[in-house]
Amino acid sequence: MIALFPGSFDPLTNGHLDLIFRASKMYDKIIVAIMTNTSKKPLFSSDEKLRLIQEDVAEIDNVEVVAVESDLTVNVMRRLNASILVRGVRDVKDFEYEREIAAMNSRLDPEIETVLLLARPEYSFLSSSMIKEVGQFNGNISQFVPANVAKSLQKKWAHE
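Note that our numbering has the sequence shown beginning at 842, numbered continuously upward.
Simulated from the structure, these hints should not be mistaken for laboratory data.
Certain hints may be false.
Ranges between beta-carbon positions, derived for each pair [claimed, not checked]:
1) P951 x W998: 42 to 52 Å
2) R919 x P962: 33 to 43 Å
3) G980 x N916: 32 to 42 Å
4) N903 x M971: 22 to 32 Å
5) A988 x E941: 14 to 24 Å
6) D932 x N878: 26 to 36 Å
We put the CB at the ideal spot given by N, CA and C, even for glycine.
With the sequences and hints as input, model every part of the structure.
Printed below as a string of structure tokens:
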């Protein structure tokens, strides 16, 4: 069974990484899809995110990372033969948002099942937006993101 874990991953957090590890134990194959969030201006390019995430999941045999240009998640799932959509939930707001998306995806393709994984408590407050905010003002983000991501973020902000 193939599952898709989509997101903008700008940047990848330890919370994302935890969900990928956990989902990899549940399904035959996990495809991490770097998608475009039209309501956000990305800090990293798709190629940069692809490289960083591939480095962080290299040890997990059943995880593949792909970058997807603008498309509906259901179309991506069809192309990749994925039937499970994995999403993380940190709080009630995330749940309500994900429930609405799951309902829309189900209407677009009734074969798709959405599985919501609860964030572990130590990651329940993390968001990519918050990481960028803290890091941009020289806050220590090393405990919230993988080491390669922290290094790449520091380089980005050093050139601004």
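Taking the hints in turn, this is what the structure says about them:
1. P951 x W998: 42 to 52 Å: Distance hint for P951, W998 holds at roughly 45 Å.
2. R919 x P962: 33 to 43 Å: With Cβ atoms ~35 Å apart, the hint holds.
3. G980 x N916: 32 to 42 Å: holds, 38 Å
4. N903 x M971: 22 to 32 Å: holds, 30 Å
5. A988 x E941: 14 to 24 Å: About 35 Å separates the Cβ atoms of A988 and E941, which means 14 to 24 Å is violated.
6. D932 x N878: 26 to 36 Å: At 19 Å between Cβs, range violated.
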